[in-house]
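Make a model of the complete structure from these sequences and hints.
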Amino acid sequence: MNLTEFLGASPGASREGPHDRIVLSSRVRLARNVKGLAFPGWAKKPERVKALELIRPQVEGLPQMTGAYSGSMDALTALERQILVERHLISREHAARSVGSGLVLSRDHSLCVMINEEDHLRMQSLRRGLQLKAAWQAVDEVDTQLEERLEYAFSRELGYLTACPTNLGTGIRVSAMLHLPALVLAEQMNQVITAVNKLGLAVRGLYGEGTEALGNVFQVSNQMTLGEGEAEIVERLNKVVAQLIEHEENARATLLEKKPKMVFNHVGRAYGILANAHSISSKEAMNLLSLMRLGIDLDCFPGSQRPLLDELFTATQPAHLQRQHTEKLSADERDLLRADMLRAQLGPVARPVMPPPPATPDAK
Amino acid sequence: MLCDICKQNVAKVHLTQIIEGKTKKVDLCEACSKAKGIDDPKGFALADLLLGLGAAQQMDQAAPQTGVRCPTCGFTHADFKKSGRLGCPDCYQAFAEGLEGVLKSMHKGTRHVGKAPRRLQGPHDLEERIAQLQKRLEKAIAAEDFEMAATVRDELKRIREQASRPDKAATV
Ligand SMILES: [Zn+2]
Ligand SMILES: [Zn+2]
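Chains as they are written, first to last, in this note's numbering: chain G, 15 to 378; chain D, 1005 to 1176.
Hints are not guaranteed to be accurate.
Each computed DSSO-like pair below joins lysine-lysine, with the alpha-carbon atoms no more than 30 Å apart [claimed, not checked]:
1) D:1085 x D:1108
2) G:212 x G:147
3) G:59 x D:1011
4) G:49 x D:1085
5) D:1085 x G:212
6) D:1143 x G:212
7) G:253 x D:1143
8) G:253 x G:272
9) G:212 x D:1112
10) G:147 x D:1143
11) D:1085 x G:59
12) D:1139 x D:1161
13) D:1161 x D:1112
Quick caveat, the hints were computed from the structure, so don't treat them as lab data.
Following this line, the structure appears as structure tokens:
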């Protein structure tokens, strides 16, 4: 089965999870290397091919990988790789690799192992909503089984040895993807970023470059990997994410109380353009989908449409649009198709209503 | 201004990121910025690049190791400066002296705490981890951080169970 068929046939990750009003997904990634082999960035091509041949069957043999997709990166088309990037399953760096690098993706897409990315193994577990602990446990299990099959490069003093010293020790990166439109609208995001940075955690816009965060989607992750245990890192991040949820909810309550017209104006215009435009860029679509998602959270669109909106976030990305077409589309052609798709998908969604103000504004 | 990676082309991409309150700057040519995937949607590549390159520079100032070469893979200090990445697991030994300060400023500690492959564990490792966790627990309780205390308590319980069943697959 090729990847396109696999992605079409397999059920994919569940569309719902705890706190998914604000937390889109949770991810835990472990970096591991095999003893006695040069890191992929320094290894010559034949060495990388040998490492891949050693590692890939071991990953494929894991019980968690029954019915998985497994392949070498050079077996994938450029479009397939881009689709994996847009679904956050592989890094852009890995998408650029070819012979000597590989990918094993579990049937439900919740476990993904990149082979010969920057490290020999980058295994990650993805969960919908806020489920950092569950994500850690899933990837921990994979790692525990794999360590019986492969001899890891490990030092008692420095822990798991990684190509970049920034990942040394636990090799763990715990991250959550958050949708924070009210903190952005209230112009509080910079303060939040500074505060979270002080805790040794990083916050970045997930889409867009530099400080621009398209779609108001941010990623919070740990930065330090040496000198602190995995469970403690997971718990620390969990706590910060819980606080960010509270901040975002407070910002929403305050905005609704003080500037309801501003909020509903944004939501109404977002719906108006998304449901009626005939040409729309990916950037504009993401920003408007974010505001419409906020509208759903605020009950402007009775009957939850959140899973639909989350799918549109991905479906409006360039490679996903290109997917149904054999000829290469230009950016302008994609803008037309994106608008067509949005009009069709949002056609059944009724125009937004202004919900009655809450009886007791719940500021907490 | 020349590119920080290849030191040949003119830098066209200028990046700044605040990591743990420290501002890190990096200037790259277009080719290198693409090759490094700094427009990675998950953004890890950028942070690693910034920290990695910073590490190489810092290592240079602390202990110039121009002559050092990893006996296993032939990786040199100049290679590290160029990429911010090491060549093979043994490089950590070859460059240990220079890396010590780098790791100190980059991480919470300089000694690994956490999981270890089971085949490398001795009973002493478990004892050490239990002692570490007990300290951590006291700290969490003193700070009234009860969720963290609960997490550490769960960890302690799990490790004590493992210590009493050494044949069971264990994670420290
Ligand atoms: Zn360059
Ligand atoms: Zn080496």
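Item to check | Unsatisfied constraints (hint numbers, rising) | outcome: none
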